[in-house]
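Residue numbers (the numbering used here), protein chains in the order written: chain A, 1 to 329; chain B, 1 to 664; chain C, 1 to 264; chain D, 1 to 129; chain E, 1 to 151.
If you are wondering where the hints come from, they were derived from the structure by calculation, not from laboratory data.
Incorrect hints may have been included.
As the list claims (entries may be wrong) - Just the calculated beta-carbon pair ranges, DEER-fashion:
#1 B:Cys191 - C:Val130: 31 to 41 Å
#2 B:Thr518 - C:Asp168: 20 to 30 Å
#3 B:Thr518 - A:Val116: 53 to 63 Å
#4 A:Lys192 - E:Glu133: 34 to 44 Å
#5 E:Lys140 - A:Pro273: 44 to 54 Å
#6 D:Glu61 - B:Lys528: 24 to 34 Å
#7 A:Pro273 - B:Thr108: 28 to 38 Å
#8 B:Val606 - A:Glu323: 42 to 52 Å
#9 C:Ala69 - A:Val116: 54 to 64 Å
#10 D:Glu61 - C:Lys16: 53 to 63 Å
#11 B:Lys528 - E:Lys137: 37 to 47 Å
To be verified - Covered stretches of chain C, as calculated for chain D (at least 3 residues, CB under 8 Å):
#12 35-47
#13 51-59
#14 157-171
#15 199-208
Each residue gets a CB set at the ideal place from its N, CA and C atoms; glycine is no exception.
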Amino acid sequence: MQAVTREILINKAAELLGNGTVDRVFGWKKGEFSYDVTPALFTTREAMDADFVFGDFCGANFSKYLVAETRKEGKVLVFLKPCDTYSFNQLLTEHRFDREKVYVVGIPCSGMLDTVKIKAVAEGIASVEDNGDRVTVHSLFDGDVTVSRNDMLPDRCKNCKSKKHVAYDELIGEDGEVIDSGRFDEVEKLEKMTPDERFAFWQNELSRCIRCNACRDVCPACTCEKCVFDNPDSGVENKAAANSFEEKMFHIIRAFHVAGRCTDCGECSRVCPQHIPLHLLNRKFIKDINEFYGDYQAGAEVGSRAPLVNYTADDPEPAEAVERSHHDA
Amino acid sequence: MQRIGVFVCHCGTNIAGTVDVAAVSESLGKEQGVVFSTHYQYMCSQAGQDIIKNAIAEYKLTGIVVCSCSPRMHETTFRKTAAAAGINPYMVEIANIREQCSWVHKDTISGTEKAIILGKAAVAKVNLNAPLTPGETPVTKRALVIGGGIAGIQTALDIADAGFPVDIVEKKPTIGGKMAQLDKTFPTLDCAACILTPKMVDVAQNDKIRIFSYSEVTSVKGFVGNFDVTIKRKARYVKEDVCTGCGACTEKCPQKKVPNEFNLGMDNRRAIYIPFAQAVPKVATIDPDYCMMLKTGKCGVCSKVCTAGAIDYKAKDEYVEEKYGAIVVATGFNPISMDKFDEFAYSQSKDVITSLEFERLTNAAGPTQGKLLRPSDGEHPHTIVFVQCVGSRCDSCSEKGKEYCSKICCMYTAKHAMLTRDKYPDTDVYVFYIDVRTPGKNFDEFYRRAVEEYGVHYIKGMVGKVSPEGKKLMVQASDLIAGKQLHIEADLVVLAAAIEPDKSARPLATMLTASMDTNDFFTEAHPKLRPVESPTAGVFLSGACQGPKDIPETVSQAGAAAAKVIGLLCKDKLTGNPCVAHSDEMMCNGCSTCEKVCPYGAITYVDKEFRMPDRTTRVRRVAQVNEAVCQGCGCCTVACPSGAMDLKGFAGKQIMAEVDAICR
Amino acid sequence: MKVTYYPGCTLRTKAKDLDRYARECAAKLGIELCEPETWQCCGGAFTASNDEIATKLSSVRALKAARDADTPLLTVCSACHNVIKRTNIAMQDTDFAAKVNTYMAQDKDFTTPYNGETTVYHYLELLRDVVGFDKIREKVVNPLTGKKVAAYYGCLLLRPGKAMRFDDPENPTIMEDFIRALGAEPVIYPARNECCGGYVALEDGASAEKKSKKVTDSAVNHGADLIVTACPLCRYNLIKNGSKLPVVYFTELLAEALGVKEAE
Amino acid sequence: MADMERKREQILRISGVNPRKCMRCGKCTATCPSYDEMEYHPHEFVYMVETGEIEPLLKSESLYKCLSCMACVERCPRGVEPGKLVEAIRLVAVREKGGDRITANDIPALLDDEMPQQAIVTAFRKYQK
Amino acid sequence: MSMKNIENNNETYRPLIVAFCCNWCSYAGADLAGNNRLAYPADVKIIRVPCSCRVNPTFILRAFQRGADGVIICGCHPGDCHYTSGNYYTRRRMSLMFSMLDYLGIERERTRVEWVSAAEGAKFAATMNDFCETVAKLGKNKRLEDLRCKQ
């Protein structure tokens, strides 16, 4: 269950619209089903009263939307969950938008539910009722099913890295702490496999890729004016993968391009229609960076120097680094 | 579409002995874009170059591939050939089929096959080459010399001699530096002032040279040929252009107890002072730490006695901004502090002094008017012990000394010992040495004279402890050759303190982006072949800021640095390396990632208005490469996530074409 | 403030004054000295070899006791201080500490391995760095005005400088500042950091005599009335070898100035 | 010979001293307060260990004349630490069979009433296995 | 004599090695190997880049895609970069890239970074001999190869 309610957020937004602090509000709007919530822009209290929703399916990270939204006149209000604030800072570090044109209200988050997991519980979902530790799924075909809420969390929320807001103009509710999560456990499991097993694992995962670009389009680190994969002059232009190599190429290069900049928000995996655990690629880079060059959290502070644009004279050699990241050896 | 000519060189049998050059030529003739292909015995010969020139004319070639030796050998040659025949020199690519093929592969089949592949890669690259023109930047024809010691003076004079204006920035009230404090100079024993002060006067009278004394550089921006420098002129409370240097104020100032730094605190000066008689500029300076008028508002004596009306108690620091084409660093050295070497009792006895203090004690303009007298009681010392290598040649883990040899101490100690014995033959002089290092013209002869003619006692060993007892200094030392521990009752102990770079050097290096070693000496661009240039273009090194040096060496380096500066300022424009980074502004995200990895600070960001494809205008932050500063490493191209940054001559597409050609 | 106090063997026997005054002054200055129930002699000399473990155990146990009590360890005797501080530095070396900890694991009260965590203070360091000489100056009731006091450091407090970090080994000021704080005038003389020959006193009296005489002669030459020391062996040596000046422990001087000496 | 080489290795190992760092300035010997009592002096200890002349050092009375005052260690510009080397050689000497310099029986004769314990324990630690 | 015809024959299988060499150190080191006639297999094809930091990981993937069996990047020794810091960035980039390839199950022996100075002709030859042998033992690169490009 989320600690703040829709009403609190609407009241806050109405107050800030009313006193002229902001001109627009970024929020969530109900979709066709209760669980497919989409980001939307509101300018009046009335519109919000009608369509604004907030609850367990409001996972979308608004940070990236600010790149385009701040190009417009006026100031925009955005509600950011702790993990979103890291992306927000990272984008500021990269000068991707003007901080002055955004008003950030930090909101607490108790983890968002994973629609894939919910759908696996029952078919024909009408609504989902959150009772704190447990959720009840009201469905058309399987009736009411009650399950543990924790089991319904996606990996990124189960292994939440931080409940602390690293950027905000004002906070609603209590701020939390950075969490020592088990987010690298999955990566370690893969590292412990044999090369053949790893190859098979990724072959199986990445071969499902349909190159819909959803991961790229949602990624707050992927805000390039023009993506290299869309650019005929880049030498890697590739609109649709023709074979397993190109599937890999796309994901390796994408992960490399966001290495040191990825805040581990997990949006890539959330939006992937093929349910490829893309965050495991990014987390590998994060884990390696932490191990080779010392702990670094992208977005933790504005203006920090990312590990790939930094060095020390005694960094490990590549061969040594690969060896070190290996736990089976 | 390119029209490419391929020229395969036999290099006598160097290439042709292993590689079937005819097959290479034939095979490459079929490559895309190739309209002419041939092979010849020596492509680099005049005849070979004529083949290329003729082919360019006959086949209207737009690009050239030469399969020959390493581009490090003849790339320049063939570029000139191409330019002479009217095509852009950067349309030439070399396939290295000698060093990296025929010389390392014995087998003709695989050697020929590899030569063809290397040729194909070169052809693939040339297909994507574009004519490049080196960028040009104008050169500001003015030099800045930082530091007004003998190094800075000599550099400035030499540059001015060539007709270029020079500014000297000196942090002290006068130029002259350490050399002005010296008495005699080795190995000829001419008086330092006699040879230095005429040069100082030359500087003052040279209309090409401006002296900013009592000034410091506070900011350096820009790049070779175009530096923007801010100089802080510290308030001296005396109008420099009004003061006549008569010295009346310095005699009347009631504040008499200011330690005189020129004499290393061995006597006192007034709060308003002229450091020494031959100071340049010869104007007074008020020391704000001691002036009663400035501190309490009560006094004003100097103002009353100044007939010229030069005193200005309300003066403020002023900032001068100036443009320069070249900067010479001549910040010099200082002896290290003796605080941590109290086994020699430096802080416990006035009669334990450093060699520089000894210079002042023997200098006619010094605190004793050149009579060698003990600082403690003004008596003539009869036994003097010189200790060499105090703080030099220490272990790298030493917390008090330096790892390097300070280089000048052996010679000046020989000089001090010799002069003492010459003037005061009744004095016993001991020199404790670890090694006597005298490589230099007439240097060892000089040292030998000290021993043989002047009877200086050179003892191989070291002083362990100096104990002041009564009027004597009990010196406990070792004589390693005699195998003895010596106990000498000395009247004066002179420490040859190690020298270190001036403390102002480190922040200056940061401003200049010039590199330094761990000892804070400036690093030269190449230790052997470019000893007077810093790795930062347009920044040159003169004197002891680069490493310990004596006067002859300093003056040579000063002249060499001046020659380099003149060579730079002679040019109206600087042509750069055209293989530089450039940013496709339409794709640039403005994220500053490239800026962070650029070792030269060549990338800056600007906000620029753009017409977008949807016909709206948008202000975007975009990277701009300063082509005069970029050295073309390409680090930014990989850092850039959007691929907006690319490197001319080594573009991503070109390198990928080479990869493709090799893997085809 | 609470500190673990390590008196050492000599302070229990021949140097009772050094100990007694140290305790009384500490009480006056508001420092609580907690003496561990069991402590063993430090051995008097630090064996500067990295294969000697047994000879360092007593020091390590004292250091560990202080660590476990979460207090600094305080020493007064120069020799104890030298041994314990250097042992503490040695224990900051991981390999050496591992060996010692393996050895100590047989102790019945052994818990957490010791890795040089304790701060070791000499009484003088405590006065300078924790109490502060200015504070002492305020607490002085009998200023020792007019007394010319020669501080005798000897070798143990100062050297090796990189390990002891006590003061500048060639030009120390801590005892002089201490003397000034008590209202007396320090005498600076070159032999103050020379060795008295303590270690050879047992075997080679002549050698020790020569070294000691040099020290006392130098102090006399520089006009001292009195020599202060922190070391029982130095004091013994200087007195035995005919010092013309009284040699007292610095704690006695402190007790006198603070007015705790006459209170007896 | 092999025995001496082994001892040399042992001395270098337990002292942690690298005699090759010595630049032969002689400051240790200039510093040494026990110079007159010693047959071999600090710089000679360093040099002889470097060249492998261990035997004369092990037998030398000089080992027991060193005051361990560490003045040579303090003042050595090269960080060679001759005093530690002397200690290590002394340890190697007393660890040998019959190497003890002092036994409990020797003590009473050497004592006087005022002698602090410190002197006795130190002598045991330094001169006895 | 093309590669394609002999690739299935174990006795004559030769790997295809792409070597990126920085202009100032490693390319000069390769030239020195040539001057000294220090042999290494013709399988190695050198591409000259100004600095090892010019090597984009994309180039490496591209080489594998087009059928390279091994890719080696050579630069100046850390601290000796002609551009002062380029190879330090190379070291970080390639550490992460190689670790990622390894994570995807691609044989880690196929990629390598070596620092070869202009004076190390012998090291250049020895490095290439060793790398060729290592890659030859692994056999053809199958895990990262675009079959379309091989026709």
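Comparing the hints with the structure gives:
1. B:Cys191 - C:Val130: 31 to 41 Å: 57 Å, violated
2. B:Thr518 - C:Asp168: 20 to 30 Å: Check passed, 24 Å falls within 20 to 30 Å.
3. B:Thr518 - A:Val116: 53 to 63 Å: 58 Å, holds
4. A:Lys192 - E:Glu133: 34 to 44 Å: Hint violated: Cβ distance 29 Å, outside 34 to 44 Å.
5. E:Lys140 - A:Pro273: 44 to 54 Å: For Lys140 (chain E) and Pro273 (chain A) the Cβ distance comes to about 34 Å; the hint is violated.
6. D:Glu61 - B:Lys528: 24 to 34 Å: Violated: the Cβ-Cβ distance is about 53 Å, outside 24 to 34 Å.
7. A:Pro273 - B:Thr108: 28 to 38 Å: 57 Å, violated
8. B:Val606 - A:Glu323: 42 to 52 Å: 44 Å, holds
9. C:Ala69 - A:Val116: 54 to 64 Å: 57 Å, holds
10. D:Glu61 - C:Lys16: 53 to 63 Å: 36 Å, violated
11. B:Lys528 - E:Lys137: 37 to 47 Å: 43 Å, holds
12. 35-47: Our answer is that it holds, as 5 residues pass the Cβ test (under 8 Å) against chain D, meeting three.
13. 51-59: That given contact holds, which follows from 3 residues of the stretch 51-59 of chain C lying within Cβ reach (below 8 Å) of chain D.
14. 157-171: holds (count 6)
15. 199-208: With 7 residues closer than 8 Å to chain D, the stretch 199-208 of chain C meets the three-residue bar; holds.
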